[in-house]
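Trainee: So the protein lines, in turn, are chains A and B.
For the first sequence, position 16 matches number 16 in this note's numbering, and the numbering has no gaps at all.
For the second sequence, position 520 matches number 520 in this note's numbering, and the numbering has no gaps at all.
If you are wondering where the hints come from, they were derived from the structure by calculation, not from laboratory data.
The beta-carbon is built from N, C-alpha and C at its ideal position, and this holds for glycine as well.
Treat the hints with care, since some could be wrong.
What the hints assert, rightly or not - In silico DSSO-like pairs for lysine-lysine, Cα to Cα no more than 30 Å straight-line:
hint: 1; chain 1: A; residue 1: Lys172; chain 2: A; residue 2: Lys228
hint: 2; chain 1: A; residue 1: Lys282; chain 2: B; residue 2: Lys747
hint: 3; chain 1: B; residue 1: Lys53; chain 2: B; residue 2: Lys672
hint: 4; chain 1: B; residue 1: Lys440; chain 2: B; residue 2: Lys739
hint: 5; chain 1: A; residue 1: Lys135; chain 2: A; residue 2: Lys53
hint: 6; chain 1: A; residue 1: Lys240; chain 2: B; residue 2: Lys755
hint: 7; chain 1: B; residue 1: Lys548; chain 2: B; residue 2: Lys576
hint: 8; chain 1: B; residue 1: Lys628; chain 2: A; residue 2: Lys240
hint: 9; chain 1: A; residue 1: Lys152; chain 2: A; residue 2: Lys253
hint: 10; chain 1: A; residue 1: Lys253; chain 2: B; residue 2: Lys755
hint: 11; chain 1: B; residue 1: Lys208; chain 2: B; residue 2: Lys67
hint: 12; chain 1: A; residue 1: Lys253; chain 2: B; residue 2: Lys747
hint: 13; chain 1: A; residue 1: Lys282; chain 2: B; residue 2: Lys440
hint: 14; chain 1: A; residue 1: Lys5; chain 2: B; residue 2: Lys117
hint: 15; chain 1: B; residue 1: Lys33; chain 2: A; residue 2: Lys41
hint: 16; chain 1: B; residue 1: Lys265; chain 2: B; residue 2: Lys33
hint: 17; chain 1: B; residue 1: Lys440; chain 2: A; residue 2: Lys237
hint: 18; chain 1: A; residue 1: Lys135; chain 2: A; residue 2: Lys235
hint: 19; chain 1: B; residue 1: Lys67; chain 2: B; residue 2: Lys235
hint: 20; chain 1: A; residue 1: Lys5; chain 2: B; residue 2: Lys61
hint: 21; chain 1: B; residue 1: Lys100; chain 2: B; residue 2: Lys117
hint: 22; chain 1: A; residue 1: Lys41; chain 2: B; residue 2: Lys672
hint: 23; chain 1: B; residue 1: Lys117; chain 2: A; residue 2: Lys27
Said to hold, decoys possible - In silico contact screen, one side only, chain B against chain A (beta carbon under 10 Å); selected entries:
hint: 24; residue: Gly625
hint: 25; residue: Arg685
hint: 26; residue: Leu749
hint: 27; residue: Glu750
hint: 28; residue: Arg753
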Amino acid sequence: MVRFKVIEPYTIEEACSLLKQCQPNAKLLAGGTDLLVSIRKGTLSPELLVNLKKIPELYGIKENNGNLIIGALTPLHEVESSSVVRSYHGALTEAVHMIGSIQIRNIGTLGGNICSAIPSADTPPILIALGARAKICSGVEEREVALTDFFKGPGVTVLAVDELLKEIWIPKRKGKWGEIYIKQSHRAASDIAIVGIAVALSLNPETHRCEDIAIAMGAVAPIPLRAKEAETILKGKVLKGEIIEDASLAASKEAEPISDLRGSAYYRAHLIQSITRSAITKAIERALD
Amino acid sequence: MEEKRLFVVGQSLPKIDSQNMATGRTLYTVDMKLPRMLYGKILRSPYPHALIKRIDTSRLKSLSGVKAVISCENVPRIPYNSAGLPSYGIGRHDEYIFDKKVRFNGDRVAAVAAIDKDTAEEAVSLINVEYELLDAVYSPEEALRPDAPEVQTGTGKNCIFIPHSIGDIEKGFQEADEIFEDRYITQPVHTCCMEPTVFIADVDSSGKLTIYGTTQIPNHSRRILSKILGLPMSKIRIVKPPIGGGFGSRQNLHHEPVVALLALKTGLPVKIEYTREEEFFASTVRHPTIISFRTGVKRDGTLMGWFVKVIANSGAYTGHTPILVQTLLKKNPYRVPNEKYEAYCVYTNLPNSGAFRGYGNPQISFARECHLDRIANELKIDPIEIRVKNKLRVGDVNPLNPSMGWTLDSCGLEECLRAGAQQFEWGKKRSKLRDLSSEKRGGVGVACMMHISGHTMSADCSSAIIRLNEDGTATVLTGAADLGQGSDTVMAQIAAETIGLRIEDIVVMASDTDITPFDMGAYASRQTYISGNAVKMAAEDAKAQLLKYASMMLSEKEAALDITDRWVFVKDNPQKKLSVADVTYEAQYGSERSQILGRATAKALNNPPPFSATFTEVEVDTGTGAVKVSRVISAHDVGRAINPKLIEGQIEGGIAQGIGYALMEEIHYDPKTGATLNPDFFDYRIPCSKDMPVIETILIETLDPTGPFGAKGVGECSLISVAPSIANAVHNAVGVRIKSLPITPEKILEAIRQKKEQERQ
Numbered sequence: 001m002v003r004f005k006v007i008e009p010y011t012i013e014e015a016c017s018l019l020k021q022c023q024p025n026a027k028l029l030a031g032g033t034d035l036l037v038s039i040r041k042g043t044l045s046p047e048l049l050v051n052l053k054k055i056p057e058l059y060g061i062k063e064n065n066g067n068l069i070i071g072a073l074t075p076l077h078e079v080e081s082s083s084v085v086r087s088y089h090g091a092l093t094e095a096v097h098m099i100g101s102i103q104i105r106n107i108g109t110l111g112g113n114i115c116s117a118i119p120s121a122d123t124p125p126i127l128i129a130l131g132a133r134a135k136i137c138s139g140v141e142e143r144e145v146a147l148t149d150f151f152k153g154p155g156v157t158v159l160a161v162d163e164l165l166k167e168i169w170i171p172k173r174k175g176k177w178g179e180i181y182i183k184q185s186h187r188a189a190s191d192i193a194i195v196g197i198a199v200a201l202s203l204n205p206e207t208h209r210c211e212d213i214a215i216a217m218g219a220v221a222p223i224p225l226r227a228k229e230a231e232t233i234l235k236g237k238v239l240k241g242e243i244i245e246d247a248s249l250a251a252s253k254e255a256e257p258i259s260d261l262r263g264s265a266y267y268r269a270h271l272i273q274s275i276t277r278s279a280i281t282k283a284i285e286r287a288l289d
Numbered sequence: 001m002e003e004k005r006l007f008v009v010g011q012s013l014p015k016i017d018s019q020n021m022a023t024g025r026t027l028y029t030v031d032m033k034l035p036r037m038l039y040g041k042i043l044r045s046p047y048p049h050a051l052i053k054r055i056d057t058s059r060l061k062s063l064s065g066v067k068a069v070i071s072c073e074n075v076p077r078i079p080y081n082s083a084g085l086p087s088y089g090i091g092r093h094d095e096y097i098f099d100k101k102v103r104f105n106g107d108r109v110a111a112v113a114a115i116d117k118d119t120a121e122e123a124v125s126l127i128n129v130e131y132e133l134l135d136a137v138y139s140p141e142e143a144l145r146p147d148a149p150e151v152q153t154g155t156g157k158n159c160i161f162i163p164h165s166i167g168d169i170e171k172g173f174q175e176a177d178e179i180f181e182d183r184y185i186t187q188p189v190h191t192c193c194m195e196p197t198v199f200i201a202d203v204d205s206s207g208k209l210t211i212y213g214t215t216q217i218p219n220h221s222r223r224i225l226s227k228i229l230g231l232p233m234s235k236i237r238i239v240k241p242p243i244g245g246g247f248g249s250r251q252n253l254h255h256e257p258v259v260a261l262l263a264l265k266t267g268l269p270v271k272i273e274y275t276r277e278e279e280f281f282a283s284t285v286r287h288p289t290i291i292s293f294r295t296g297v298k299r300d301g302t303l304m305g306w307f308v309k310v311i312a313n314s315g316a317y318t319g320h321t322p323i324l325v326q327t328l329l330k331k332n333p334y335r336v337p338n339e340k341y342e343a344y345c346v347y348t349n350l351p352n353s354g355a356f357r358g359y360g361n362p363q364i365s366f367a368r369e370c371h372l373d374r375i376a377n378e379l380k381i382d383p384i385e386i387r388v389k390n391k392l393r394v395g396d397v398n399p400l401n402p403s404m405g406w407t408l409d410s411c412g413l414e415e416c417l418r419a420g421a422q423q424f425e426w427g428k429k430r431s432k433l434r435d436l437s438s439e440k441r442g443g444v445g446v447a448c449m450m451h452i453s454g455h456t457m458s459a460d461c462s463s464a465i466i467r468l469n470e471d472g473t474a475t476v477l478t479g480a481a482d483l484g485q486g487s488d489t490v491m492a493q494i495a496a497e498t499i500g501l502r503i504e505d506i507v508v509m510a511s512d513t514d515i516t517p518f519d520m521g522a523y524a525s526r527q528t529y530i531s532g533n534a535v536k537m538a539a540e541d542a543k544a545q546l547l548k549y550a551s552m553m554l555s556e557k558e559a560a561l562d563i564t565d566r567w568v569f570v571k572d573n574p575q576k577k578l579s580v581a582d583v584t585y586e587a588q589y590g591s592e593r594s595q596i597l598g599r600a601t602a603k604a605l606n607n608p609p610p611f612s613a614t615f616t617e618v619e620v621d622t623g624t625g626a627v628k629v630s631r632v633i634s635a636h637d638v639g640r641a642i643n644p645k646l647i648e649g650q651i652e653g654g655i656a657q658g659i660g661y662a663l664m665e666e667i668h669y670d671p672k673t674g675a676t677l678n679p680d681f682f683d684y685r686i687p688c689s690k691d692m693p694v695i696e697t698i699l700i701e702t703l704d705p706t707g708p709f710g711a712k713g714v715g716e717c718s719l720i721s722v723a724p725s726i727a728n729a730v731h732n733a734v735g736v737r738i739k740s741l742p743i744t745p746e747k748i749l750e751a752i753r754q755k756k757e758q759e760r761q
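Go ahead and model the full structure; you've got the sequences and the hints to work with.
Mentor: Below, the structure written as structure tokens:
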């Protein structure tokens, strides 16, 4: 039988110190939609769960100096229904809407979706493409890392034993940006990505040359990946058929997909190319819109 | 003959159990708790094939709360076949409550009963089993090789061979202009019932055993248990409470004998509920098959003969397999003068295959309908016209059981095709090339099927009793098992219509072997046709008795009277009438002192096949290989729609299951250990609401003369031709034929790639 203790601290300091004392057998509990499933399956068996739900400062969506700030404990459904989020980045709203089902999104949190560090998670690719930064807190100190540097492997992040993810900061951008996340799954909802590709790009309003671009890929490697070579191919160019094709192929070569029940590595490589092509094309449409 | 006006039959009345279900008041077995009830847990084999050398339960002594442990060491080894059917002689008895050998990863080894679930789980983990491992085999083709490990001793090459032929196949091929050959593969899938397989056994001080649980076959279950437990049927009562789904997977005995033995041993009620994971490997799956067709056809599309070979993977035990392959061969809606069949039931070290909505028909129809689509295409005949040309016709021998001498009295296949085609705008849609965008292609497909109205091995039968209460209401006793499909409601409608009552006057008591009369159970799309006929005949018996008393009370001849809407009236003078309540009161309390009891046993006079045609429109993304089913029209010859809304619901559910079968569902096994790799809803996907297309249903009423009010079977039909209609639509869209289910995006992309390569060469 599965037995564990649950403690509900009221402050980040308390949570972090509990976490530190009980390593390696403690886990942070946010929504629990990943953690509790793993415990039931027996893949994780923590002795202590530090439930974060009673810490008010971990919640909420706000703006600060042109940054969109989302508290790590904010439920996914709140993120997808926020008009503030939508006004900044409609593509983030769309990506969050693609996660699980409405029931899952009511319980699951943005921070949980990131910190579980599941390779197929839907929010990391779009957040990375949007240039998001993670605010990390140990109770005593705070630090910040670019989300693209946050992941170390499946289930592993840069968080130290006494640290937790406090907030996600997303900068507001100037100019004509087009942003999109495309997820391919076997089922239209309640499913995880076979491949998920996010693209954010800006075009020069006169020349339509690509001034800036970020492509991030999920479910294609142990961690979410930036398609750096694909980005280099596109940057500074007028984005047309052949260049997009070259970049999509490059993205597919940068990925390290595995074979599993959802699809073979070969199929995933093909999908990455096909979805990257669609995502770039769609992002251009949005930038020109 | 002028048709009598119907008042209750033909109406889309709400299900009589819907209020309790909608408000959560329905008590399912999984929610039931009896006083002092123990919880059981089954220990399962971690190996695909092994001999049990020793079972050591000594460590259980230190665990308090364990009440009983059973295994092959203390349970008699009595062979049985778990398939819920009458025994036809071709079903081997090769299952045991516990055997000294395990034959698949997940096979039963031992069981415990304890004071709570946690203790039971801990207890099974403390049992030490010493195994001697044996070589295992998973693929039927490998299992047929002479050097393959023997899964079932005494079967020779792991196989039961069933041949069947009509006419002269060589002559058929000689007379043909063209010969076509194709080979198809279907995958194991699971019914995914909402309520897990669960049984509670209770035993009283007289030794009487009562079992509540998820069964579709209370009477077969009692018969099999009586044999393996050595108890007379009078000491076994099987009750089927409301049940969260069946779809055929409960047409088997599951762990009833285990809970029964634990209850008998402890003298206390015992409950065992499968986990969702156990559902996938410990209940049954739809038979995976390899089916090849070699067909001779005239240039005008006339079928001259076919040679069909079916290899069905039975899993570790015989179960339904021989009956299933024998009957699937006959579920063919076309005239084929020369037929040769070879069916191989093959044993492997995989979980048991069993009944699942269609009983072999989804597999054979996938193969046949895709094959026919290819033939039509290559002969440049419209897929509808090749089907109409070859269809069975009224007056033909009923192919389901030629030895019975039955003919087809109704056949609405062409009506289904024509009505469906018109509503679908088939001609227009098929002729148009549909590039929906740079990467998306549209396509349309059609497929047909013929199914059954009752089991096909011999004449089916059922009994019913109707008890009239003194206030004019009635209780119907039927063995029909309502699995959510609505048989209780249909029986109430048939009884109300036949007697002349309203549906709210009818109480239905069903599926309790101590109370309700014999019925085979809910399978073979038989409840409306067979049990419905029994209820109708019992209601006619009750009505005749009612009219006898009414004739005395009204001083009119019985033949001059009729009953409608609770009134007995004189047909020529409707003002002269009595309420049914007055008549039943007089019968009960008047000078006769006699309760009106109608009774009947209905022996099937035929097995009228229902027919259907499914039209499907798809969008195929050539970039990702993904298929979206955008529209399905399902036209069914149902004989008579007793309750149109219930039928529509069944059709929609069947289409959802059919889309899952066609596009995404598949159980995967570890090639080294035979373990089920995706026993959960995370990696075993069934369609969700967003995957569902627009569905339109068309009900064709051909009024079969032997059905109650003309009705035929419906339950299984709608699933059967969904997969081939999707496969044919995919071919129409992108020009590739996917011959193995499920039709995954990966298979489509690979086929497109190969096609391009061939075109380049």
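Trainee: Determine for every hint whether it applies to the structure shown.
Mentor: We went through each hint and held it up to the structure:
Between Lys172 (chain A) and Lys228 (chain A), the direct Cα distance comes to roughly 22 Å. Compliance with the 30 Å bound is thereby established for this hinted pair. In summary, the hint linking Lys282 (chain A) to Lys747 (chain B) is supported, as the alpha carbons are separated by about 26 Å, within the 30 Å threshold. For a cut-off of 30 Å, the pair hint linking Lys53 (chain B) to Lys672 (chain B) stands: about 22 Å separates their Cα positions. Straight-line distance between C-alpha atoms of Lys440 (chain B) and Lys739 (chain B) comes to about 21 Å, which keeps the hinted pair within the 30 Å bound.
For a cut-off of 30 Å, the pair hint linking Lys135 (chain A) to Lys53 (chain A) stands: about 18 Å separates their Cα positions. Simply put, Lys240 (chain A) and Lys755 (chain B) have alpha-carbon atoms about 28 Å apart, close enough for the 30 Å limit, and the pair holds. Taking the CA atoms of Lys548 (chain B) and Lys576 (chain B), the gap is near 16 Å; set against the 30 Å cutoff, the hint holds. Straight-line distance between C-alpha atoms of Lys628 (chain B) and Lys240 (chain A) comes to about 29 Å, which keeps the hinted pair within the 30 Å bound.
Proximity of Lys152 (chain A) to Lys253 (chain A) is assessed by CA-CA distance (about 20 Å); at most 30 Å being required, the pair is judged to hold. The suggested pairing of Lys253 (chain A) with Lys755 (chain B) holds, with an alpha-carbon distance near 24 Å, which does not exceed 30 Å. A C-alpha spacing of about 20 Å is found between Lys208 (chain B) and Lys67 (chain B), which places the hinted pair at or below 30 Å, so the restraint holds. Our distance criterion of 30 Å between C-alpha atoms is met by Lys253 (chain A) and Lys747 (chain B), whose separation comes to about 22 Å.
For the given pair, Lys282 (chain A) sits about 15 Å from Lys440 (chain B) by alpha-carbon distance, which is consistent with the 30 Å threshold. Taken as a hint, the Lys5 (chain A) and Lys117 (chain B) pair is honoured in the structure, with Cα atoms around 20 Å apart against an allowance of 30 Å. A distance of roughly 26 Å separates the Cα atoms of Lys33 (chain B) and Lys41 (chain A); the hinted pair therefore holds under the 30 Å criterion. Using a Cα cut-off of 30 Å, the hinted pair Lys265 (chain B) and Lys33 (chain B) holds, with the two alpha carbons roughly 19 Å apart.
For the given pair, Lys440 (chain B) sits about 28 Å from Lys237 (chain A) by alpha-carbon distance, which is consistent with the 30 Å threshold. Of the supplied pair hints, the one linking Lys135 (chain A) and Lys235 (chain A) holds, its CA atoms being roughly 29 Å apart against a limit of 30 Å. A C-alpha spacing of about 23 Å is found between Lys67 (chain B) and Lys235 (chain B), which places the hinted pair at or below 30 Å, so the restraint holds. Pair hint Lys5 (chain A) plus Lys61 (chain B) holds up; C-alpha atoms about 29 Å apart against a cutoff of 30 Å.
Of the supplied pair hints, the one linking Lys100 (chain B) and Lys117 (chain B) holds, its CA atoms being roughly 26 Å apart against a limit of 30 Å. The straight-line distance between the Cα atoms of Lys41 (chain A) and Lys672 (chain B) is roughly 21 Å, inside the 30 Å bound, and the hint therefore holds. For a cut-off of 30 Å, the pair hint linking Lys117 (chain B) to Lys27 (chain A) stands: about 26 Å separates their Cα positions. At its closest, the beta carbon of Gly625 (chain B) sits 8 Å from a beta carbon of chain A; the interface hint therefore holds under the 10 Å criterion.
Here the hint on Arg685 (chain B) is kept, as its CB sits about 5 Å from the closest CB of chain A, short of 10 Å. Against a cut-off of 10 Å between C-beta atoms, the interface hint on Leu749 (chain B) holds, since the closest Cβ of chain A lies about 6 Å away. Restraint check, Glu750 (chain B) versus chain A: the minimum CB separation of about 8 Å is within 10 Å; hint holds. The beta carbon of Arg753 (chain B) comes within 9 Å of a beta carbon in chain A, closer than 10 Å, and the hint placing it at the interface holds.
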